[in-house]
Amino acid sequence: MATTHVEPKEILAPAGQARSVNNLSIQVATVNGSGSQTANLVLLRAIFQMGIPVSGKNLFPSNIAGLPTWFTIRASKHGYIARRRDSEYLVAMNPETAEEDVLTLKPGAACVYDERLNLKRLRDDVMFYPVPFDQLVAPVCPDVRLRKLVRNMIYDGILAKLLGIEMEEIHKALQKQFRKKAKAAELNWNAARAGFEYAEKNLVKADQYFLERMDATQGKILIEGNAAVALGAMFAGVTVVTWYPITPSSSVCENLIEYMKRYRIDKETGKATFAIVQAEDELAALGMALGAGWAGARSMTATSGPGISLMAEFTGFGYYAEIPAVIFDIQRVGPSTGLPTRTAQGDILSTAILSHGDTKHPLLLPNSVGECFTMAVDAFDLAEELQTPVFVMCDLDLGMNTWMSDPFPYPAKPLARGKVLSAGEVRQQGGFERYKDVDGDGVGYRTLPGTPEPLAGWFARGSGHNEKAIYSERPEVYTQNVDRLAHKFETARQKVPGPVIVESARHDVGIIAYGTSHWAVEESLEQLRRERDIDAGYCRLRAFPFPPEVHAFIRRYQRVYVVDQNRDAQMLGLLRLECDADEIAKLRSVRHYNGLPLDARTVTDEISSQEALK
Amino acid sequence: MATTPVPASPTAKTNHIGLEVARYKGNKSTLCAGCGHNAISERIIEACFEMGVEPHRVAKMSGIGCSSKSPAYFLNTAYGVNSVHGRMPSVATGALLANRHLIALGVSGDGDTASIGVGQFVHLMRRNLPLVYIIEDNGCYGLTKGQFSATADIGSKLKTGVVNDLPPIDTCALAIQLGATYVARSFSGDKRQLLALLKGALAHHGTSMLDVISPCVTFNDHEGSTKSYSYVKDHDAPVSDVSFVPFFQEISVDYDPGTTTDITLHDGSHILLRKLAADYDPTRKAESLRVLTESHEKGEIMTGLFFVDTQRPSFVDLLNVMDEPLATLPEAKVRPPKEVLDQVMQSLM
Numbered sequence: 001m002a003t004t005h006v007e008p009k010e011i012l013a014p015a016g017q018a019r020s021v022n023n024l025s026i027q028v029a030t031v032n033g034s035g036s037q038t039a040n041l042v043l044l045r046a047i048f049q050m051g052i053p054v055s056g057k058n059l060f061p062s063n064i065a066g067l068p069t070w071f072t073i074r075a076s077k078h079g080y081i082a083r084r085r086d087s088e089y090l091v092a093m094n095p096e097t098a099e100e101d102v103l104t105l106k107p108g109a110a111c112v113y114d115e116r117l118n119l120k121r122l123r124d125d126v127m128f129y130p131v132p133f134d135q136l137v138a139p140v141c142p143d144v145r146l147r148k149l150v151r152n153m154i155y156d157g158i159l160a161k162l163l164g165i166e167m168e169e170i171h172k173a174l175q176k177q178f179r180k181k182a183k184a185a186e187l188n189w190n191a192a193r194a195g196f197e198y199a200e201k202n203l204v205k206a207d208q209y210f211l212e213r214m215d216a217t218q219g220k221i222l223i224e225g226n227a228a229v230a231l232g233a234m235f236a237g238v239t240v241v242t243w244y245p246i247t248p249s250s251s252v253c254e255n256l257i258e259y260m261k262r263y264r265i266d267k268e269t270g271k272a273t274f275a276i277v278q279a280e281d282e283l284a285a286l287g288m289a290l291g292a293g294w295a296g297a298r299s300m301t302a303t304s305g306p307g308i309s310l311m312a313e314f315t316g317f318g319y320y321a322e323i324p325a326v327i328f329d330i331q332r333v334g335p336s337t338g339l340p341t342r343t344a345q346g347d348i349l350s351t352a353i354l355s356h357g358d359t360k361h362p363l364l365l366p367n368s369v370g371e372c373f374t375m376a377v378d379a380f381d382l383a384e385e386l387q388t389p390v391f392v393m394c395d396l397d398l399g400m401n402t403w404m405s406d407p408f409p410y411p412a413k414p415l416a417r418g419k420v421l422s423a424g425e426v427r428q429q430g431g432f433e434r435y436k437d438v439d440g441d442g443v444g445y446r447t448l449p450g451t452p453e454p455l456a457g458w459f460a461r462g463s464g465h466n467e468k469a470i471y472s473e474r475p476e477v478y479t480q481n482v483d484r485l486a487h488k489f490e491t492a493r494q495k496v497p498g499p500v501i502v503e504s505a506r507h508d509v510g511i512i513a514y515g516t517s518h519w520a521v522e523e524s525l526e527q528l529r530r531e532r533d534i535d536a537g538y539c540r541l542r543a544f545p546f547p548p549e550v551h552a553f554i555r556r557y558q559r560v561y562v563v564d565q566n567r568d569a570q571m572l573g574l575l576r577l578e579c580d581a582d583e584i585a586k587l588r589s590v591r592h593y594n595g596l597p598l599d600a601r602t603v604t605d606e607i608s609s610q611e612a613l614k
Numbered sequence: 001m002a003t004t005p006v007p008a009s010p011t012a013k014t015n016h017i018g019l020e021v022a023r024y025k026g027n028k029s030t031l032c033a034g035c036g037h038n039a040i041s042e043r044i045i046e047a048c049f050e051m052g053v054e055p056h057r058v059a060k061m062s063g064i065g066c067s068s069k070s071p072a073y074f075l076n077t078a079y080g081v082n083s084v085h086g087r088m089p090s091v092a093t094g095a096l097l098a099n100r101h102l103i104a105l106g107v108s109g110d111g112d113t114a115s116i117g118v119g120q121f122v123h124l125m126r127r128n129l130p131l132v133y134i135i136e137d138n139g140c141y142g143l144t145k146g147q148f149s150a151t152a153d154i155g156s157k158l159k160t161g162v163v164n165d166l167p168p169i170d171t172c173a174l175a176i177q178l179g180a181t182y183v184a185r186s187f188s189g190d191k192r193q194l195l196a197l198l199k200g201a202l203a204h205h206g207t208s209m210l211d212v213i214s215p216c217v218t219f220n221d222h223e224g225s226t227k228s229y230s231y232v233k234d235h236d237a238p239v240s241d242v243s244f245v246p247f248f249q250e251i252s253v254d255y256d257p258g259t260t261t262d263i264t265l266h267d268g269s270h271i272l273l274r275k276l277a278a279d280y281d282p283t284r285k286a287e288s289l290r291v292l293t294e295s296h297e298k299g300e301i302m303t304g305l306f307f308v309d310t311q312r313p314s315f316v317d318l319l320n321v322m323d324e325p326l327a328t329l330p331e332a333k334v335r336p337p338k339e340v341l342d343q344v345m346q347s348l349m
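Top to bottom, those sequences are chains R and C. One point on numbering: in this note's numbering, the residue at position 232 of the first sequence is 232, and numbering is uninterrupted. One point on numbering: in this note's numbering, the residue at position 9 of the second sequence is 9, and numbering is uninterrupted.
Keep in mind that the hints were calculated from the coordinates and are not lab data. For each residue, glycine too, the CB sits at the ideal point set by N, CA and C. Keep in mind that a hint or two might mislead.
Unchecked claim - Listed next, with one range per pair, are the computed distances between beta-carbon atoms:
# : chain 1 : residue 1 : chain 2 : residue 2 : range
1 : C       : Glu54     : R       : Ile265    : 45 to 53 Å
2 : C       : Gly34     : R       : Glu433    : 31 to 39 Å
3 : C       : Thr310    : R       : Lys271    : 19 to 27 Å
4 : R       : Val482    : C       : Arg284    : 22 to 30 Å
5 : C       : Asp165    : R       : Lys271    : 28 to 36 Å
6 : C       : Arg290    : R       : Lys419    : 52 to 60 Å
7 : C       : Glu54     : R       : Ala416    : 47 to 55 Å
8 : C       : Thr144    : R       : Leu67     : 20 to 28 Å
9 : R       : Val420    : C       : Ser347    : 31 to 39 Å
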């Protein structure tokens, strides 16, 4: 395909304005289904290839086509990748939201827009760049049907010119995006070029924002959290995957299917070393995963809040019958229609104690695509070592957005398959007692169905069984069993990933956060230091049950702010269940629950105002 | 009728894999005395013994209810899961995906199958998972004291006088329509037919669905119930007379080819059907559904093997799953080497 290398001319900031380099947020407002995702990802990747730390957040509706959608790209020379509330650049492509989008811009921001929208009249403190998109797309895309999809690539070219993104990198990103579809790549490249050439001839740079090559992304990868989870599961040796489609978790299993088909077909036999089944619902998805776990497979399902609710009864069964399975929960906002495509940490409390009776479950809390990968591996080990369902709590922001990361490390430890007795071992010891705490860690030994030894057989049941897995309703037998399960949870406490703690010298203000809140908190720590002279300590939770270091952290600080992306401070609630009165008295709450990823400003403002009142 | 093929001699102490019948027994039943379910457990024990089923390969799967308690009453040395209400199919599916060499014996009830579990039942039948699915069907909820289930016949009465005014779900018709490949109905009191059907089901590779009418002696064995012993005995209309010849026996049966259909199952076993209904051919789906519909209209309870399809691939085969159990594949087979991760990482840079 033809490429035109355009020499970047030096672009000067307008007189009287300082250049702002590699520190901006671009908001692209489009209509869902208009093919903007390609244009946005190409833009993101081009900036990444220029060595500039970058992140992208897709704020999309629960809709296939027609409703408004926004994509924000943040470039930050400091490496901050959390969402920012405001943007320096707006690309207004959606007539329905354009006016509101322009009115919320901060003074000095820039707006690239479809000239038909006539946005210039709205503000005089914003730099406007009108672009005749329809006029530009017609000559590069003769097929009328494709114009809607190709049209968006034009703003990539416009932005390249205005901000200084190298066209060569746009070209490379396009090729990566379209891989073998050369025709589509060429069509899009022509559109990008048309945009660039139009800007070169017709637009005068009137804002202060620039992107310039740096060297902070060398050797890094770009990946979505759900793909990282899928990779983790594959390298954890998952063999049975059962799932039901639900936003925002579907792409976990869709990615996994692709990876497994490629890398997990047995070379000798041509047969699959796995089974992946789309179940009829989430009830069946977890039922299958537990059936497979009982029979000895490494099994998993992936779901979101509504699925978690449906899995409640089976989770309790897995807890009592002590069957391993891994459940990835890609959390989203509440039930039914409305905000299923928006992010939240909404299932923390309900999942920690999911089901009925006395149940509690290990939760792993990845904050990054890297931890999506490593914790997926950890989760399968933990599930088999502890013989219980283990949950990995991601969220939509992590799962469905594209994140920059160091390459994932190859798992260092062999698979930990837990306490499984062979026929020979059972024979040698003259039988076995399935639920007896032989080792003092609350975890019994199990046998797998198919083990050829009469003494190895056993029958899995829910709440009523004795140490030999024989039916019993005796009060003391039940109590003994659930006490052992509680003791097993203490073993889990020692085995789950510990918190990551950054101490402050002052020990007055501490922050506890988990999951994707990390990226906002990391930036907020700096804002608090700079703006308020608050030097906060930081404890990032990585799992429930909370290891002792979490309690020690709380005890060391005077006031501890727990950051939650939900209304009811669910993690704070869970900490309250586990902390003593002195620790509880120190806990305060920072909550964010509007469906958008958490931003640093929210954390900084909330802590600042509560600190002012202290 | 033709001479019944000779089963393994009932006087022999061991079966052809050298096990005594004691190895197939279970715990003492805690169900009501005279419960039809206990008779079914006995037939399961006989069928497994006579077929030489290896107990350690058996996965006894059940949901919740009186029926679902019964796997504890047979094959004590096998493995089992008494799971949650209506959801045994999913647990059994997972177990068979993990280890395709397991012989899954699912026991459910009419409430467990046709009400709370109908969703999972429907999808299990579609998949043709290799498993024997037995419904111990008494038309009521025994364990919660006798409420109607969805297989209760229209017009049938509870002990309390309540009349069922909703039509029943015919689990056999449903199973046939959805893709199960061995579908039969029997009666817990019909030892010979039930045993032959169970043995055929064990030899079949695919979903075998057996609806076994099993009167509830406590809540549903009275006048007015269509699932009582007396009602079923009076209204039982066998569609064919079923005999079963295991693959390890020589076929030396005296039967008249004109009146008998011989079906060869996957392991080489034979099912012999002596026709009672004219022109009945269990390999024709539409015909089987017609016969079931007509029997409903006549108020008869049709029993026998309604439908069999030995050609349709099972779910596990469709998934192209390795022969070696997935559950115990070594790390080298399930964790790709470092080069694969490096390659994937490279593609994401």
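| message | Tell me the hint numbers this structure goes against, listed in increasing order. | response | Of the numbered hints, 1, 4, 5, 7, 8 do not hold.
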